[in-house]
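Number of protein chains: 6
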Amino acid sequence: MSSPRFPNIRVLSAELEGWGFFLCTQKDVRHGRGGELFISVSLQDRTGLVRARIFNEAARLREEFDSGDFVKVQGRTELFNSRLQLVIENIRRVNPDQDRGQGFREEDCVLSAPRPVEEMWKELDELILHVRDPFVRELLQRITAKHVEKLRIWPAALTVHHAYRSGFLEHILSVARSALTLGAAYGANQDLLTAGALLHDIGKLEELEYDRSTSYTREGNLVGHVTLGVMMARATMAAIPDFPDVLRAQIEHLIVSHHGHKEFGAPVEPMTIEAMILSAADDLDAKINQVKQVLAEDAEGEFTAYHSRLGRVLWRG
Amino acid sequence: MSSPRFPNIRVLSAELEGWGFFLCTQKDVRHGRGGELFISVSLQDRTGLVRARIFNEAARLREEFDSGDFVKVQGRTELFNSRLQLVIENIRRVNPDQDRGQGFREEDCVLSAPRPVEEMWKELDELILHVRDPFVRELLQRITAKHVEKLRIWPAALTVHHAYRSGFLEHILSVARSALTLGAAYGANQDLLTAGALLHDIGKLEELEYDRSTSYTREGNLVGHVTLGVMMARATMAAIPDFPDVLRAQIEHLIVSHHGHKEFGAPVEPMTIEAMILSAADDLDAKINQVKQVLAEDAEGEFTAYHSRLGRVLWRG
Amino acid sequence: MSSPRFPNIRVLSAELEGWGFFLCTQKDVRHGRGGELFISVSLQDRTGLVRARIFNEAARLREEFDSGDFVKVQGRTELFNSRLQLVIENIRRVNPDQDRGQGFREEDCVLSAPRPVEEMWKELDELILHVRDPFVRELLQRITAKHVEKLRIWPAALTVHHAYRSGFLEHILSVARSALTLGAAYGANQDLLTAGALLHDIGKLEELEYDRSTSYTREGNLVGHVTLGVMMARATMAAIPDFPDVLRAQIEHLIVSHHGHKEFGAPVEPMTIEAMILSAADDLDAKINQVKQVLAEDAEGEFTAYHSRLGRVLWRG
Amino acid sequence: MSSPRFPNIRVLSAELEGWGFFLCTQKDVRHGRGGELFISVSLQDRTGLVRARIFNEAARLREEFDSGDFVKVQGRTELFNSRLQLVIENIRRVNPDQDRGQGFREEDCVLSAPRPVEEMWKELDELILHVRDPFVRELLQRITAKHVEKLRIWPAALTVHHAYRSGFLEHILSVARSALTLGAAYGANQDLLTAGALLHDIGKLEELEYDRSTSYTREGNLVGHVTLGVMMARATMAAIPDFPDVLRAQIEHLIVSHHGHKEFGAPVEPMTIEAMILSAADDLDAKINQVKQVLAEDAEGEFTAYHSRLGRVLWRG
Amino acid sequence: MSSPRFPNIRVLSAELEGWGFFLCTQKDVRHGRGGELFISVSLQDRTGLVRARIFNEAARLREEFDSGDFVKVQGRTELFNSRLQLVIENIRRVNPDQDRGQGFREEDCVLSAPRPVEEMWKELDELILHVRDPFVRELLQRITAKHVEKLRIWPAALTVHHAYRSGFLEHILSVARSALTLGAAYGANQDLLTAGALLHDIGKLEELEYDRSTSYTREGNLVGHVTLGVMMARATMAAIPDFPDVLRAQIEHLIVSHHGHKEFGAPVEPMTIEAMILSAADDLDAKINQVKQVLAEDAEGEFTAYHSRLGRVLWRG
Amino acid sequence: MSSPRFPNIRVLSAELEGWGFFLCTQKDVRHGRGGELFISVSLQDRTGLVRARIFNEAARLREEFDSGDFVKVQGRTELFNSRLQLVIENIRRVNPDQDRGQGFREEDCVLSAPRPVEEMWKELDELILHVRDPFVRELLQRITAKHVEKLRIWPAALTVHHAYRSGFLEHILSVARSALTLGAAYGANQDLLTAGALLHDIGKLEELEYDRSTSYTREGNLVGHVTLGVMMARATMAAIPDFPDVLRAQIEHLIVSHHGHKEFGAPVEPMTIEAMILSAADDLDAKINQVKQVLAEDAEGEFTAYHSRLGRVLWRG
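Residue numbers (our numbering), protein chains in the order written: chain H, 21 to 337; chain D, 21 to 337; chain P, 21 to 337; chain R, 21 to 337; chain L, 21 to 337; chain Y, 21 to 337.
It should be emphasised that the hints constitute simulated quantities derived from the structure, not laboratory data. One thing to keep in mind: the hints can contain errors.
Pairs count within a copy or across copies, as identical chains cannot be separated in the list.
To be verified - With a straight-line cut-off of 25 Å between C-alpha atoms, the simulated DMTMM-like cross-links for lysine to aspartate or glutamate are:
hint	residue 1	residue 2
1	166	229
2	166	145
3	307	283
4	282	322
5	282	226
The structure displayed is predicted, hence computed values, not measured ones.
Just need the whole structure built from these sequences, with the hints factored in.
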């Protein structure tokens, strides 16, 4: 393997030879129509995903790795139907002890938020410190303390937006920033907005299962993150002595109404200025995150291809 | 007051003179265009509502009662714009001690379910006794024990269906009967269906405030009965030792999905046969209750007038 | 062909060798990219469908059978892209006389309702005998007598629900059971409900063409089963002396309104309690039949894959 | 009654005294808030409707007429809340024999299509004579012959469009003219378009009851004009020897699909160019008839008031 | 008129006697059922609207003023059906010269934005000065210079939001503040956001006619403010030498897409992050302005009455 | 190449050998699973599109042509998965000078409207000459004069309807014919209808880019043809001295409202009879053009396959 190491997937181009460390997120062994064996593979690093194929020595290489493994890969890139594809010449499971010497780091192989976690965590701490109402501050401190592990690494969704390591944290911080500036303009209660931004999706920590890849938990499917989130918040508030009833109702309302419209499955619709601001900030942040992903993945031309979830083409400006 | 006592409101006709005991649910003092004072009143007994007016001695009679009072009324009925109206000649607050001798009973003056409460309560008990799963049975016994008072008298809604005393109990029993026979036909889990029928609207005990008349509580407005109901059920299940996780998720799913469709604000949609049966039984029971009310109130002709919530006329058959 | 006979398709697993009798419902002769001939085939027995491929001797075997034939097949099963596939080594048309000795029966090779037809037919007879109104009973007897053949074997739909031999009969009996128990609870007219359940889809006997496989007739496409059904019912009622006008209108209303909502193409919406019950029972039965099919076909995991027509994942419970 | 006769209602203005013959379509006896009796009345002639009130001698005049009577009225017009109102000084039932001498004619007192019936009927005859296909021509001749009476006087709807005497005939002729010119442009089958235009609403002859005023029949409510119309057409076609099956299906399709979209309760949607043209011509004619009525009734200003069924204001141009 | 001057309408309470200057926005002369004349009036000052009635000397007072006049009014306030009403004892047209001595000022009698115009205008100037792109700055300077008069006093809508003097200016500044802070968070082009905020509704200057009261212009009805706005912007840009094509397209896109969704009549949907931010900021500002008005007008209780445009009750918090 | 020349694509059948001139609209070089190179190609002539494949000598032939070239092709036709496919044996770029001798003409190789352009242009001229209002006539003459080139060759849309050379001209003439006959029936302003038909889509001349194939321009995506069209019309009208304001508003209203409903992105809805007629004629013409294409492409059976945009199957009649 004397060829150079591949750059990050987001900047990978065609007609390169090289090697790299990746997370394998899919492995399908197939037979071609002529009967020959080949393997269809998906690889991931912190910046993106790439499709790969094994045509040579597929029978031997199929034993060398499984879906879910970190892998070391050697091969070359090409365009297939206008999309980038990596043709794998060699592949094997990572041996962490040995490969760390060559620069292997788990966190470099998992799709991740662009900002460093430590920096985001510090911003979260400061947001909470700026809360004036002692009950709200206590609530936020208890919830973040209880879920430190998940809060640092959870994605914000399975596929739609911020669907990568630490995407949850990135999303709630971004919503908080937007909601607080809007709230300042409209004279809204900033403590409530901070609570709403940090807690509106808190149920996703129970709705989703995340360990390199993301899936729904049983409760996630059956109960959904909105209801799970209200219950998590209520349980924590119930444990704080003298937590005021009105304040509790306000915070629960922010969570339960944050999808904004009945048609989107919101059990109640926003009835306060704070709930309206939170819902708008959440919706906008999710949309802009999608736009940025689409623009990054669809790299050519003044306009992107038609995006079916957004229902339009996007303009690179 | 030598005239006869009025019959029940549901069978009251025009051109009668008489007296009766009622609950006054609305009292508006107005001035006619000629400046004369008159009072617009709504009266209720266990069978229905009637509009009333005070034209004579309005200045004196306005002091004799308020909205929310039980009242003794003397007057005559007439048709006004094709609707029945009671013209009040005399009215005063009920004096319970004195008027009981004349047959005054509070429960006769409040709009109520047609079936006696005791009979319905016995049916509820038997439904719970037939539950085989000990955890489900325990859950239902605890919840009914905790909310005996409200379960006996609460209405099922503010205005749409079963909007009268003990309407809640009437509705959940009716849904249970339907769901259990449907469940038998489709081989569904009957214990889950009993739990779903009895608990699907349980949040309404916190969503609504009821004391002769019905209103929304703060939590009812801000959080809504679906989410409140899941929290009530979870709190009770959490207190039962060894309550199985899967069972808890099943019961929470029944509550959270019972509105059937995202467009109706259901945070999740039915994912099991039991949840589909429950949602269908609930929807049908609410609709048929409305139909029966419309047919009772709109007493003439083969077809009723156009009913805007149902979006159609109804046929008396 | 000394290998064992395959089990029913519903319980077929990968990596088996064997032989079996099937109905061939699709046959596509193709060329691979290397130019080699292969044949894509769909096979069916009473319990399900399986995809098959012929790679060896395709040029010779293509002459041995056609789409629509009952066939004898020898081969082995395998997984292809996680779905079961049968690789055919040998295939030929069934020779009924000769193959009956080996256990060939036509009815075992056509996708069918799980309950035996005779048992269902007996239930239908009894339902009609229990009708009290002599006109309704006469109507149902005449219609069933006239359409005996189709009523026994027709499917209930092309693809959505009960889309197999005798699915029509299975569906109307199931709707009748549900409607009658619901009707008993709500004091509805049971004779009308029986008529509605048995007749609501009667137009499908003219809408669909069924002979092993299902298609739309010209009238089915152009007029639709709702209108065709009303016409069939009216023609039969017109031939019964003194059939009451009101009764005829009631029965026609049940048929014409059974899709429940204008948005679903119902020319009128249910205006009676019977029509509401029928529409709810029909909708629920169609949904539950779909759910049972999805759960049977999607055999792994606690939750099924996302089902696009139902718009959700399903829970195995 | 020496004052002048009122002009037609459509050109009636305020501040006139006079007398006239009208149809009374509504009569409500009420008490004012001061207890005084007054009568609210609606009057109609062939050109429009006007609201009327009786303040003087209401007790005596209430005995002189009923809703549904042709009446002779004396009074004066005024504006009330910017709308024209007739204050009645004297009113009595028409005595046909005696009043004919003063110019009373029934047909002048019933809201009617602007074109004379004879002229429209002649146009209908010619349309049918121009049909080339003998089966279609026979069908149209039989149906028009059978329903001569209703075809001449029926309205096209209860309230929405062409809701006046002979409105049905006016509407189908107008649809025919549009459909035929469109059909000529697109090379469509003109005989089918003539049949579709004349028959698409034929079920309304059974859906509506008309005798000076319009109401729904039982069958109209329960079955609806689309399905009734298909049955009327089929019954007539069945009686014509050798009527071709395909032709029958085409004509039934035109009727059953003419509402154009499932959302509007069309059991099937247009599948042929003829059905698309018919549906467009029908929709446009209904809309333009509404527009012309709104412009006629809302006589002031460049734009009309907001019209809730059309969902917009209209421009007088 | 020795009674005290009324306070501002927004803080007016029942059971006061006094006098004040107002704009009369509606005057309807009616007859009561007893025949007596009375006048229904709407009055306005810079803080709100109040309903008024004239019962005494209506015949004389009807000559003293017209709708559209500034008036001096003497009377007393009362509650009628729970809403405040002013019973007028005396009323006459304002005589500006004479009444100015008593404190009459036109601008105090017209419903107005709460912030002083001069302060808002200064903010507008600064926003434009902060634009870095010289073409955008030039565009904004030219458009504001051209429309100084209207920009200072126009309302933002006929009824929905900011429907008062200078409401347009208040709205675009508020949208600009929100859009710029959101834009900063998402790295959007701030110059474009400033242009979008100031120009998105510019067509309303031609869509609406405003002179104390607001109405639609002919072009407003027929063409609509979205299209009018694009044309105004394009005309101004066309007059600026070398205005870049791409920049022009960006600005036109911001205007044409600002309603956000096709369903709301947006000819195109936002295709850039800037357009998404602008649309969200505009929607939120309109909603919050409505909420504030509702809360101000519906002054009692924890929750407001149901608000039909917003489709919910609001919480005072 | 001694084989015969292929017939037009619309009438091409399977199992033919031959040669022809085409436009190549797509060229994808791929590798099969066995590694072999093949080329996927789309070919076009004036009557339709056909899919083609190069299996032999792909490595050499890939150099012989590109997407966008006119090509000379030799090969044979076959069915693949029931669709026609051309297997190319030889292919090269057209050499215009040399190939014209063999009958090559550019216009025969580009998908085109069935009517000759000259004939359509003459019809356009006559339509304009029949306009009575001199301003309208002047407007139409100026606009057609300015856009002669595009008006003759532009398609009416990217994919939906009239998506071929001169489809724009074909569409506006067809809409004009329909609108004028409908307008005659309803007494509408024929000059306005002519203007509306010819100008309603005029913005498409700037929305689309067409040079053998069609794409959206930047302005097309960002501003859309409705708004672009109004601006083009206004600019032309502004240059005509004394063009009446009302007339200009009428014409702009026709363009801006022609999509008929807010839900389809129409900024305003039709407010005049002319606008309603135009919108109906436009919608019908687009639909019928689609139907004709579907019927032409889906050549077998009484009914077509399900068409997802139209949401139905179509009947060949």
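Here is how each hint holds up against the structure:
Taking the shortest Cα distances, residue 166 and residue 229 sit within 25 Å of each other inside one copy (17 Å), while across copies they are farther apart (35 Å). For a Cα distance limit of 25 Å, the shortest separation of residue 166 from residue 145 inside one copy, 14 Å, qualifies, whereas the shortest one across copies, 41 Å, does not. For the homomeric pair residue 307 and residue 283, the shortest alpha-carbon distances inside one copy (18 Å) and between copies (18 Å) are both at most 25 Å. Proximity of residue 282 to residue 322 under the C-alpha cut-off of 25 Å is restricted to the inter-copy arrangement: shortest distance 23 Å between copies versus 36 Å within a copy.
When the C-alpha separation of residue 282 and residue 226 is checked against a cutoff of 25 Å, the pair qualifies both within a copy, at 23 Å, and between copies, at 21 Å.
The structure fails none of the hints (numbered hints given earlier).
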